[in-house]
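Chains as they are written, first to last, in the working numbering: chain A, 1 to 252; chain B, 1 to 299; chain C, 1 to 313.
Treat the hints with caution; some may be incorrect.
Among chain C residues calculated to face chain A with C-beta under 8 Å, some are [as the list claims (entries may be wrong)]:
no.: 1; residue: Arg103
no.: 2; residue: Ser179
no.: 3; residue: Pro181
no.: 4; residue: Thr190
no.: 5; residue: Asn191
no.: 6; residue: Glu196
no.: 7; residue: Leu198
no.: 8; residue: Arg200
no.: 9; residue: Arg270
These are calculated hints, taken from the structure and not from any lab test. Since the model is a prediction, treat every value here as computed from it, not as a measurement. Glycine included, each C-beta is placed from N, C-alpha and C at the ideal position.
The chain contents come next:
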Amino acid sequence: MTHTPDTTAPILLEASHISVRFGGVTAADDINLQVRQSEVLGVIGSNGSGKSTFLNLCTGYIRAAAGEIRFQGRPITHLSPREITRLGIARAFQHPQLFLDKTVLQSIVLGVACRNRFWSLGTVFQPGYRAKADAIVRTFGLGDYADTLNSALPEGVKKLSDIAIAMALEPSLLLLDEPTSSVSSANKFIIMDTLMPILRNSGVTTIIVEHDMEIVERYMDRVVAWDSGQIIAEGSFSDIMRNEDVRQRVTG
Amino acid sequence: MNQIVLLSLLDGVAMSSVLFLLAVGLSLIFGVMRILNIAHGGFYAIGAYGASLLGQYLIGASGSWLNFIVLLLVAVVAGIVLGFAVEKLVLAKMYDKEHVLQILSTFAVFMILEDGQKLLFGVRPYFYDAPLVLLGTIDVAGIFYTRYQLVFLPIVALLVLASLMIFFRRTQTGKIIEAVIEDTEISSTLGINTKKIYTYTFILGTFLACLAGALASPSTSIVPGIGAEVIVLSFAIVATAGLGNFFGTALTSLIIGLAYSISVYTYSEFTNVIPYLVMALILIVKPYGLFGKKELARL
Amino acid sequence: MKLNSETFVLLLVIAVLALVPLADISLRAILLLAISLAFPALGLGLLLRSGQVSFGHALYYAVGAYTVAVAQKLHVTDVFLTLALALAASMVLGLILGAILSRYRGIFYGMLNLAFSMVGFTLLLKLYDITGGSDGMGILRPTFLGHKFSNPQTAWAIYYLAVAVLVAGILFLEQYMRSAPGSALGAIRTNETRLEYLGRSARQVFLAGHVISAGFAGVGGMIIAYSTSHVTPELAYWTLSAEFLIVAIFGGAGSFTAITIGALAFVLLRNLISSYVVDAWQLILGIILLGIIMYMPDGLWTLFRKKPDAKAP
Chain A
1 MTHTPDTTAP ILLEASHISV RFGGVTAADD INLQVRQSEV LGVIGSNGSG KSTFLNLCTG
61 YIRAAAGEIR FQGRPITHLS PREITRLGIA RAFQHPQLFL DKTVLQSIVL GVACRNRFWS
121 LGTVFQPGYR AKADAIVRTF GLGDYADTLN SALPEGVKKL SDIAIAMALE PSLLLLDEPT
181 SSVSSANKFI IMDTLMPILR NSGVTTIIVE HDMEIVERYM DRVVAWDSGQ IIAEGSFSDI
241 MRNEDVRQRV TG
Chain B
1 MNQIVLLSLL DGVAMSSVLF LLAVGLSLIF GVMRILNIAH GGFYAIGAYG ASLLGQYLIG
61 ASGSWLNFIV LLLVAVVAGI VLGFAVEKLV LAKMYDKEHV LQILSTFAVF MILEDGQKLL
121 FGVRPYFYDA PLVLLGTIDV AGIFYTRYQL VFLPIVALLV LASLMIFFRR TQTGKIIEAV
181 IEDTEISSTL GINTKKIYTY TFILGTFLAC LAGALASPST SIVPGIGAEV IVLSFAIVAT
241 AGLGNFFGTA LTSLIIGLAY SISVYTYSEF TNVIPYLVMA LILIVKPYGL FGKKELARL
Chain C
1 MKLNSETFVL LLVIAVLALV PLADISLRAI LLLAISLAFP ALGLGLLLRS GQVSFGHALY
61 YAVGAYTVAV AQKLHVTDVF LTLALALAAS MVLGLILGAI LSRYRGIFYG MLNLAFSMVG
121 FTLLLKLYDI TGGSDGMGIL RPTFLGHKFS NPQTAWAIYY LAVAVLVAGI LFLEQYMRSA
181 PGSALGAIRT NETRLEYLGR SARQVFLAGH VISAGFAGVG GMIIAYSTSH VTPELAYWTL
241 SAEFLIVAIF GGAGSFTAIT IGALAFVLLR NLISSYVVDA WQLILGIILL GIIMYMPDGL
301 WTLFRKKPDA KAP
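So here's chain A without its partners, still in its complex pose (with noise of 0.2 Å):
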């Protein structure tokens, strides 16, 4: 599942000298961090360690305090999450974010329909969005639960409508909060095994923040672990699980 990482590939996103404080806490300590493009990079760490923060700085829901992020060259520090999500980003969220009264249709026809500027008043479901959407149903495997309303969704159905949504914006960048969360065992991997070869036919790139490191073995290309808001190891699984820091301080 995993590819090698190709270090001739552009840079998509880059972080430099990253800096976020909530109070007293630092969240993020200097952090520098570039994103190669079409690679899945895999996010772990302890509770509290930054991941999360760093998710939620590169969709422009917090501010860092000092540094520069910067997607496709252009640096995004400042942005808001909407302008983000227009420029090429999108995210999935640890808690699926779904709009409980649509079906899992509606919603990702939605979503097609949101990557243009303008809307006109023809109906939503015409040819082109249609067409679209059904094929992320598709992919996805959501084809029994296309007409289901989101909030009648199974637990890990959830979460793929959640990701299914964020990739009917056709993303440059697709950023996954622990999207095997609170998902029974096998779940874990059908999803997985569903997810990848979509972002892998896609190309897009992805960050997957993720605690379960059997997940993390098997399909990311390149792991970053993090720890008190600092990068501590960044490579291969195995590089990773060399490293005695990261055996201490987040594997456990």
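Given chain A's structure and the hints, the job is docking chains B and C onto it.
Relative to the frame of chain A, chains B and C by itself:
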């Protein structure tokens, strides 16, 4: 100029006292039950009619210290009876329904109360100022003011404020209610009987509305429609104060009461607009009200 | 247009509106009143899709009505012009106030709307020279593209124009909810944050909804102006805003056709009750309203439908 300022301040204090009693009851009900109680205006009106009527027929034009007992009694009895009835018959059935429907149900109750008043009390104006006259006047820098408005009303308002603050900070029940205001979901998982809390809260709120009406009755002529006028003003105060503490509601009532009375003495044409302009201005600067806080979403 | 049960009901409603007055002319006035209430209720119905309630739409209703009166003072009597002006005036005001209002949700949105409408009410009351104060202003017979008809003819013309505009309005709203902006408006109801993370401004989407709903209320006001030949400041009072809300819920806020049926039912019911019980009709109506809210929360519509479906077309 000083005269005008003084007049406005003194007038404002009386008005703010009544507004506070109204607003705090409404705020309580909204804070605990998340229901915007339009019927609150109806309870105010009933408190006013009741106090006026009973005063007139039980005590007569000359008035006596009994009047004040009557005022309180009307508020307590009406508050308990009406509050209990409305909560059990109507609201209890609405807790699982959407907010819009809950608000509309209180509007339906308001409609019923409005006509109920007309049937019970008729449409001609009621006027009974014995309690006012009884307390006499007081000389403040050359202007004569009724002790009722200048001293009695604010004292009652302060007493209520103090009682509420003590009740909510120091007693067990009070703290439980505050917990429900903070988070209804967690409260019920903690085993708090939220249904009972709702009933008590609503009765308390209704009592305060009736009290406000009873206390305001000696200084005004009571006609159909006062409930409608007053409810919209109370909403403005509750929204401006934001969801929070009683002190905040008291302060906001003072601000709006003073603004209102200052405009009466300066630019009286648009006095009715002032509370809403104040509200709009405050909400523009502080979108969750003066003392409210944003409820953060968990992501 | 798909032919399903709801389309059929809409056609039925149109038929009733179009044909009943021909059978009994005394019902025309009350049906026109129902139509004038249906418009602001439809506007509120649109807002309800986003989960928000306004307690101040009587403002736009009054603006629509007074626009007709003011236009007339300026010698503009053509009904199509006054319709356009009423629509424009209420939508422009909706845009200006909406610029502030669209940041708010829940009780604050509801109350700020209320605040603005009470300011409007007071202005209409106090600006005697322009608005005629509490006496209000009289409305004369409109002209139709330069033609002045007789009184009876004008009355018919106004009625059928109202019906036509109502149908157009319902169809517009249904199409709007099928479109992307409409779907986004509905998204605000359950997850505004997610909408922002899809790159859209929830504020702008909501503003659009607010402006459209203001326009609908304005058209309602224009109709009531011609229907009663008189406009007064009471048209902006908050109890009327509450009435619009009642009407929106009465038939069933989930469907625009249902809201229209609700308007008809409400007006007919109120008329019936007040003719039998002159002094306590509000009480009876309040009880009936409670009954509907408690036992038929989806409105009268639930009497006719089996189950609402949320399926994609």
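Structure-based check of all given hints:
1. Because the smallest distance between the Cβ of Arg103 (chain C) and any Cβ of chain A comes to about 14 Å, over 8 Å, the interface hint for this residue is violated.
2. Nearest Cβ of chain A to the Cβ of Ser179 (chain C): about 5 Å, under the 8 Å cut. The hint holds.
3. Hint status for Pro181 (chain C): holds, given a least beta-carbon distance of 5 Å to chain A, under 8 Å.
4. For Thr190 (chain C), the interface hint holds, the least distance from its beta-carbon to any beta-carbon of chain A being 4 Å, beneath 8 Å.
5. Using the Cβ-Cβ criterion of 8 Å, the hint placing Asn191 (chain C) at the interface with chain A is satisfied: the shortest such distance is roughly 5 Å.
6. The interface hint given for Glu196 (chain C) holds, since its Cβ lies 5 Å from the closest Cβ of chain A, which is under the 8 Å cut-off.
7. About 4 Å separates the beta-carbon of Leu198 (chain C) from the nearest beta-carbon of chain A, less than 8 Å, and the hint is met.
8. A distance limit of 8 Å between C-beta atoms decides the matter here; for Arg200 (chain C) the minimum to chain A is near 6 Å, and the interface restraint holds.
9. Checking Arg270 (chain C) against chain A: minimum C-beta separation of about 32 Å lies over 8 Å; hint violated.
This entry does not satisfy hints 1, 9, going by the numbered hints stated previously.
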